[in-house]
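Please work from the sequences and hints to get the whole structure.
One letter stands for each residue in the lines below.
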Amino acid sequence: ESCPSIKNILLLDSEGKRVAVKYYSEEDWPTNAAKESFEKAVFTKTQKTNARTEAEIAMFEGTIVVYKFVQDLHFFVTGGENENELILATVLQGFFDAVGILLRGNVDKKEALENLDLILLCLDEIVDGGIILETDSNVIASKVASHSIDAGAPLSEQTISQALATAREHLARQLLK
Amino acid sequence: MAQPLAKKDDDRDDEEYSPFLGIEKGAVLQEARVFNDPQLDARRCSQVITKLLYLLNQGESFTKVEATEVFFSVTKLFQSRDIGLRRMVYLIIKELSPSADEVIIVTSSLMKDMNSKTDMYRANAIRVLCRITDGTLLTQIERYLKQAIVDKNPVVASAALVSGIHLLQTNPEIVKRWSNEVQDAVQSRAALVQFHAVALLHQIRQNDRLAVSKLVTSLTRGNVRSPLAQCLLIRYTSQVIRESGNAQAGDRPFYDYLEACLRHKAEMVILEAARAITELHGVTPRELTPAITVLQLFLSSSKPVLRFAAVRTLNKVAMTHPVPVTNCNIDMESLISDQNRSIATLAITTLLKTGNESSVDRLMKQITNFMSDIADEFKIVVVEAIRSLCLKFPLKFRALMNFLSNILREEGGFEYKKAIVDSIVILIRDIPDAKESGLLHLCEFIEDCEFTYLSTQILHFLGIEGPKTSDPSKYIRYIYNRVHLENATVRASAVSTLAKFGAMVDSLKPRVFILLRRCLFDSDDEVRDRATLYLNTLGGDGSVVETDNDVKDFLFGSLDVPLVNLETSLKNYEASEEPFDINSVPKEVKSQPLAEKKAQSKKPTGLGAPPTGPASTVAAYEALLSSIPEFSNFRKLFKSSAPVELTEPETEYAVNVVKHIFDSHVVFQYNCTNTIPEQLLEDVIVVVDASEAEEFSEVASRSLRSLPYDTPGQTFLAFEKPEGVPAVGKFTNLLRFIVKEVDPTTGEAEEDGVEDEYQLEDLEVVAADYILKVPVFNFKNAWDSMGADFERVDEYGLGPRENLTEAVNAVINLLGMQPCEGTEVVASNSRSHTCVLSGVYIGNVKVLVRLLFGIDSSSKEVAMKLTVRSEDGAVSDAIHEIVASG
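In the order they appear, the protein sequences are chains A and B.
3 is the number of the first residue of the first sequence in my numbering; add one for each residue after it.
-13 is the number of the first residue of the second sequence in my numbering; add one for each residue after it.
Some clues are possibly wrong.
Capping the alpha-carbon separation at 25 Å, the derived lysine to aspartate or glutamate pairs in DMTMM-like fashion look like this [to be verified]:
| # | chain 1 | residue 1 | chain 2 | residue 2 |
| --- | --- | --- | --- | --- |
| 1 | B | Lys460 | B | Asp508 |
| 2 | B | Lys832 | B | Asp863 |
| 3 | A | Lys19 | B | Glu10 |
| 4 | A | Lys50 | B | Glu319 |
| 5 | A | Lys112 | B | Glu17 |
| 6 | B | Lys103 | B | Asp170 |
| 7 | B | Lys557 | B | Glu512 |
| 8 | A | Lys112 | B | Glu10 |
| 9 | A | Lys47 | B | Glu401 |
| 10 | A | Lys37 | B | Asp362 |
| 11 | A | Lys47 | B | Asp324 |
| 12 | B | Lys80 | A | Glu38 |
| 13 | B | Lys200 | B | Glu788 |
| 14 | B | Lys382 | B | Glu451 |
| 15 | B | Lys625 | B | Glu867 |
| 16 | A | Lys50 | A | Glu63 |
| 17 | A | Lys112 | B | Glu46 |
| 18 | B | Lys289 | A | Asp99 |
| 19 | B | Lys251 | A | Glu56 |
From the derived model, a few chain B residues whose C-beta atoms are all more than 12 Å from chain A [to be verified]:
| # | residue |
| --- | --- |
| 20 | His152 |
| 21 | Gln225 |
| 22 | Glu258 |
| 23 | Glu319 |
| 24 | Ser677 |
| 25 | Lys759 |
| 26 | Arg787 |
| 27 | Lys846 |
Derived by calculation from the structure, the hints in this document are not laboratory data.
Even for Gly, the Cβ is constructed at its ideal location relative to N, Cα and C.
Shown next as structure tokens:
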């Protein structure tokens, strides 16, 4: 009970539609309808905020939600109302950065859907049944990527360090634009 | 899910491209047949699994047959050696949550993976297997899990530990056997492994206070690497502090550890520690200061999350300790314009709590500007803050009342409107000058109020307060409008309110009669009935009736029976010739769980929710006792003991007793519960033999008329004793009653009963019953100012004891005094200990006690030096007598 716990992690698009979501607290949202209405509420409430440079935070329906946006993707991590906000923010940052590495810097909805397997594995490596597994984005990404040894998979041409380098390069290019 | 085809013509066609465009469940299930191919195409299979996961993720559900079919074909994929595919297989197995007979199919494959050389296989197989297993399998794999906990690979160790945390919920006895391995993992060099191990170890031991305390002691001294583990440790430390139960400040155990955490390099640890300190029970300003200082730094952080965390914490602190928070006022003010509205709201409400009278107007202006763009739940917080501000600075009521009435007119949900109405009602009650304007605001509100509950509440309130104003007539219009415009519930309520005006204001009576007569033609029978009733009682039907006190009592008097009892009685009442008699409703208050747990397990909930104070037990008892005429002349209640059980648990009749001590009387309140559905007890009384309590003589008793199944009731006995003397004695108790058989099908009791008795355990009045636990806030000052005039010192041998803690607790319980400054907590393995206590002795004599304990390490023999200071030498002696005879 006193262990920090995550209630859900959401990745939505710029219209509030699901890209990938994972709920760890079935008692809070027992049905898909309940989940969808929560997502709708979260999306509407945070839509107009600027969460692109720093993670933002909101509180409602007895939960705390930290969130961050990039391109047409909205990242959310939800915890209980008494949770340490900075723990939630650390999980969010881990998820956000790991996705950045896995998508080699091209973080948008199209890329995320094309690599949905990586996104789902990424979620699986961050939290298990509400308990935080790992928050370091490099570790998360390497755990996910090391599984994609298969010949045709997108990351197979590159080693992890290459992937990281490409990601950094891409980010640098974006910053210089 | 399939997207509408129309999208194709959309100009955002390219943007909307998705690999899952037009995906359809039936087709994907068809595709899943590739899992059965003899030559597996790993890449293709991975893609199909991704599609299945996509469907599940979008909320699509599979029928039982579909899920089973997919599951069976997925199990075939264990043949493939492709790591990526295996990873997807693990994922989909967890998502499909297979049934027990399906789990068996994959068990052997997963167990094989659990022992694989590939770390990733081991870690994931553990997580999957533990997720889907139902416990029967657990004993088979237990050996591997214990190994995995101490695995060199941190991912594997974490997987096993986290699975252990989950399994502890369902199979605690198995997981508890892993303590040694978990203990090893606590020392792991991998940060996350340590975090998971600490969490699991604590959960294994959480019901053993001593073990938790030891765990915390050793960890706070040791090397905790991961910030997450450090946060956990802070939580456990707070728990230990809370459970040690010291309401006093001073040398609080572990405070130094919390304070040191404020200097940790990870912000999450600093926040956790600061919050823990602010939530310490009875925290002192000195303890608060370092926590508030770090939170203040966070207020000007560039990270919104950090600002939010800090302002939320400070907001909570300001409710109980506004003064230390005023230091942050300048930083708070700059947060009012924060982009993040939650932060701005919290800043505002904090300022409302810490601000002074001169800043009210300025604050109100700032609030008005931003009220429209925040959510209802924040508005409620603001409204509540404004209410308490108004009570703090009543001179400012005009500005604040205007603000409330303005926001009352704006859009808003029920909870928000209710908060505003409640606030206005409270202001009207507490600030006389605010009454007239407040009532008019409420009147205007009900002219256009969509909430029946609020309308009826306001009408009821108007009926009580309106007639007492200088010009009651001006409210009549608002009330009568309801009769025209509203639903039946509100109309009925309006009729009652009109009647109250008629009863209280003679000049309005004729006009009220006219209005009430019109209500006789209402379409709703409740409204008509009420109108008829009131016209009769007030004399509006032409008969001569004086508006005497009886009528006023009827209209305004509160029901003098507990509503719960009334409800029970009404349920039992069966319509017959005999009317329902309200006098037959028992007036005894149901015995509430008065012995509530001291430690508030739940933290205050909600943004700015007020801390729920402990229910005032004393006040509840006082009200109960003074309502009984026989006891009304006993003067002030000195002390009520905690309930003492007089029966074993789960016996036919459960009885406990509360000892109420008065100056020259003692009242025993026996709380009785009948646990036999087939019996009804009547004329229940406790017969007491007080031959071993010479100084007590029975003076009054009150029996319990009826004790139905599972409805607690009380019977009382009162004794006289010499005034101001701490008389002690032993009482034997016998429960005597008439028992009637109850037919379980109809619930009806038989006519005739049989007299019966039931032996209860003995009850003692002891010296500790005459001492109140009253804390002092600075023991040393109190001790010094009390002086040594009536100091009595003596030494006692307490015999062999397990440890010092046991000896200390025994003496504290014997004396029934309040331990101060956390001195009831004995450091583990220490050989001597000083404990200070304070209390008030009957006759209102302050007593302070200093206890010095020493334990012989080999014989475990405990010696104690007792120093008592009080305002009365006789009392100091009495304390020594208690110890000497105890």
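Worksheet item: Can you name, in rising order, the numbers of the hints this structure does not satisfy?
Response: 20, 21 and 22
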